[in-house]
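**Q** Residue strings, one per chain:
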Amino acid sequence: MITITHYLVLSAILFTLGVVGVLVRRNAIIIFMCIELMLNAVNLSFVAFAHYLNSMQGQLFVFFTMTVAAAEAAVGLAIIVAVFRNKETVNIDDINIMKW
Amino acid sequence: MVLFLFVIMLLNLNIKEEAKNALPFQRIPAVVMGIVLFAAICMIIKSKLLQGKHGEYTTAYVNSVGNTKLIGNLLFTDYLLPFEITSILLFVAAIGAIMLAKRKL
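The listed protein sequences derive, respectively, from chains H and G.
For the first sequence, our numbering assigns the number 571 to the initial residue and increments by one for each residue that follows.
For the second sequence, our numbering assigns the number 2 to the initial residue and increments by one for each residue that follows.
Read the hints as simulated data drawn from the structure, not as lab findings.
Ideal placement from N, C-alpha and C gives every residue a C-beta, glycine not left out.
Don't take each hint at face value.
[As the list claims (entries may be wrong)] Distance windows between CB atoms, simulated:
hint: 1; chain 1: G; residue 1: A95; chain 2: H; residue 2: K657; range: 19 to 27 Å
hint: 2; chain 1: G; residue 1: K49; chain 2: H; residue 2: T635; range: 19 to 27 Å
hint: 3; chain 1: G; residue 1: K70; chain 2: H; residue 2: M668; range: 43 to 51 Å
hint: 4; chain 1: H; residue 1: L587; chain 2: G; residue 2: D79; range: 31 to 39 Å
hint: 5; chain 1: G; residue 1: F77; chain 2: H; residue 2: I574; range: 22 to 30 Å
hint: 6; chain 1: H; residue 1: V579; chain 2: G; residue 2: V33; range: 13 to 21 Å
hint: 7; chain 1: H; residue 1: D664; chain 2: G; residue 2: Y62; range: 23 to 31 Å
hint: 8; chain 1: H; residue 1: V617; chain 2: G; residue 2: L38; range: 18 to 26 Å
hint: 9; chain 1: G; residue 1: L24; chain 2: H; residue 2: E642; range: 21 to 29 Å
hint: 10; chain 1: G; residue 1: I99; chain 2: H; residue 2: K657; range: 29 to 37 Å
Go ahead and model the full structure; you've got the sequences and the hints to work with.
**A** The following block contains the structure:
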């Protein structure tokens, strides 16, 4: 029997993987994917709580979260593409100046 | 995810990542703090988190009406303003992405 605790633990595992990925990796695109992983972990716990509490609000919030994540992904990837055009790298250690 | 794949294809990433790591000492503390964070979240899950007021959308009711229909009903009645704000947000994000990705304005 799969209870809500299993979903919450899976969500915690995914969120922790996202946090560690953001801290450890140096590639901008991989950091971006880790941020998406954290967002989706929170989505998972939203849906699990919505099912557990017999509520619909959790699923609606997942809807809005996914919209925000899509907007964020579009703008962030556009920024990464622009940076890559200027600097020929996506390594965040090479992108540590704000003007040149 | 498709967008990610396109960008990875576009940028053609074949650089050796480990060679240019400027903060190699950050890795071990990051993993340790990740484990601590996971333990903290598990402690929160084990505490009194699972109390709360149960709503009216039971599984039987949702299955009888249909999940999509219920979500649609709520989106266009109670949550109409956030829904519209979402549309504006997506519009602005699309314009911003195009402006950022353009070579010359």
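**Q** Take the hints in turn and mark each one as holding or not.
**A** Hint-by-hint comparison with the structure:
1. G:A95 with H:K657: 19 to 27 Å: The hinted range 19 to 27 Å holds for G:A95 and H:K657, with Cβ atoms some 25 Å apart.
2. G:K49 with H:T635: 19 to 27 Å: holds, 25 Å
3. G:K70 with H:M668: 43 to 51 Å: Holds, since G:K70 and H:M668 (Cβ atoms, about 50 Å apart) stay within the stated range.
4. H:L587 with G:D79: 31 to 39 Å: holds, 35 Å
5. G:F77 with H:I574: 22 to 30 Å: holds, 29 Å
6. H:V579 with G:V33: 13 to 21 Å: Since H:V579 and G:V33 have Cβ atoms about 20 Å apart, the given range 13 to 21 Å holds.
7. H:D664 with G:Y62: 23 to 31 Å: Violated: the Cβ-Cβ distance is about 55 Å, outside 23 to 31 Å.
8. H:V617 with G:L38: 18 to 26 Å: holds, 22 Å
9. G:L24 with H:E642: 21 to 29 Å: Holds, at about 25 Å.
10. G:I99 with H:K657: 29 to 37 Å: violated, 21 Å
The earlier numbered hints that this structure contradicts are 7, 10.
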